[in-house]
Amino acid sequence: MSNPTDPSADVADDRLTGFEAELARLRVSGTSSTTEQRLLVAGIVLMPVGLVLVLIGWFGASGTTEFSSQVPYLISGGLLGLGCTIVGAVLYLRHSLARYLRFWLLRVVYEERTSSDRNVEALHELGQILRNRAPTDPSAVPPREKETQP
Amino acid sequence: MGSELPSPVLELTGVRAGYGRIQVLHGVDLIVPRGTIVGLLGPNGAGKSTTIGVISGQVPTSTGAVTMLGHDVTGAGADALARAGVCTIPEGRGMFPNLTVDENVWMFTHRGVSTREARDIAYDHFPVLAERRSMMAGRLSGGEQQMLALARALATRPSLLLLDELSMGLAPIIVEQLYEQVAAVTAGGVGILLVEQFAGHVLDVADQVAVMVNGRIRAAGRPHEMAEALSGVYLGG
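Quick note, the sequences are listed as chains A and B, same order.
Counting in the numbering used here, the first sequence runs without a single skipped number right up to 150 at its last residue.
Counting in the numbering used here, the second sequence runs without a single skipped number right up to 237 at its last residue.
Don't take every hint at face value.
As the list claims (entries may be wrong) - Covered by chain B, per the in silico footprint, the following chain A stretches (three or more residues, Cβ under 8 Å):
hint : region
1    : 14 to 24
2    : 110 to 121
Claimed, not checked - Sample of chain B residues lacking proximity to chain A, with all beta carbon distances greater than 12 Å (derived):
hint : residue
3    : Q23
4    : T67
5    : H71
6    : E103
7    : W106
8    : E117
9    : M168
10   : P172
11   : I173
12   : Q197
13   : H201
14   : G221
15   : A229
Bear in mind the hints are in silico, worked out from the structure with no lab data behind them.
Beta carbons: idealized from backbone N, C-alpha and C, even for Gly.
Produce the entire structure from the sequences given, and follow the hints as far as they go.
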């Protein structure tokens, strides 16, 4: 426990003051997994909504031959719908890809670690075998045979 | 926990959390006062590591609050908390086995501590690591690996240290050495949460102990008061 008369208490206070300042600067905006999940769902919803808007625009514009009447359908149906579809697709791809890549990265790290563990274990075993054989078994190193000329 | 203790570095209030639909923590209340070691004990599957995950920002909470020095940090990212001064040593040590000891320490300079300073701190605490600084971390013994994990953590000058199963798979003498270093760190005002399945060493080193069962804190108090609660949990008494 920190003692107020201890000189290390000043160091402790400095450290905790720094920590408090860092905590005050922290931006806490809810859990990232929730935000990500919401954006993924938003992407899934926006894609069909955009397509529906495009269809509404097409039906509206096809009902009249007058260009000035077709413009509002083109803007609110066509462009807005297209925008919604594109934004939805980007959100969906961005967050589903992020999920997949995160999983893939974890998998690679896990595989790498397992492989390293196996190699280290094998090296230890090999070292152990060599250590055991060297002093006790002189036949461990085979005698060099006389080289014979053919 | 007693009111005479200094204001907490960490406080969990009614924290519920889990993985997907599986609820692991069912309303956890826990306090880590500054400059103290709090041991969190409990059987396998009690939710101890999940508690560490929640505090370090790796596991999101469904309800409840995590506060540090009075600031609500519920939902803060693991990276932001690590930069602020929350350091976690996970179960399994979390080292880079294919990097050297020096490089492993170098990886923990994210809080602005210079590489030289980080190495000085790490090797001051564990001189044996200085002798093996060029060795691959994966080739160190289990005890040395845990020393490295602890040395790296100390090199970040943490304000809150979370240790998950520090003694796992280690010889008692090594565990004793590690806990000596852990106890020394609290003099700097650091709050330490020590999660362990086995109570032996924790009861010697901790200022406070909490016993967790099935995602709830069943008992909390000073180590000598916990014998009954622990025998109930471990022996079913």
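Right, here's what the structure says about each hint:
{"no.": "1", "hint": "14 to 24", "in the structure": "holds (count 8)"}
{"no.": "2", "hint": "110 to 121", "in the structure": "holds (count 6)"}
{"no.": "3", "hint": "Q23", "in the structure": "15 Å, holds"}
{"no.": "4", "hint": "T67", "in the structure": "9 Å, violated"}
{"no.": "5", "hint": "H71", "in the structure": "4 Å, violated"}
{"no.": "6", "hint": "E103", "in the structure": "14 Å, holds"}
{"no.": "7", "hint": "W106", "in the structure": "19 Å, holds"}
{"no.": "8", "hint": "E117", "in the structure": "14 Å, holds"}
{"no.": "9", "hint": "M168", "in the structure": "15 Å, holds"}
{"no.": "10", "hint": "P172", "in the structure": "22 Å, holds"}
{"no.": "11", "hint": "I173", "in the structure": "21 Å, holds"}
{"no.": "12", "hint": "Q197", "in the structure": "22 Å, holds"}
{"no.": "13", "hint": "H201", "in the structure": "18 Å, holds"}
{"no.": "14", "hint": "G221", "in the structure": "16 Å, holds"}
{"no.": "15", "hint": "A229", "in the structure": "23 Å, holds"}
Against the hints set out earlier in the document, violations occur for numbers 4, 5.
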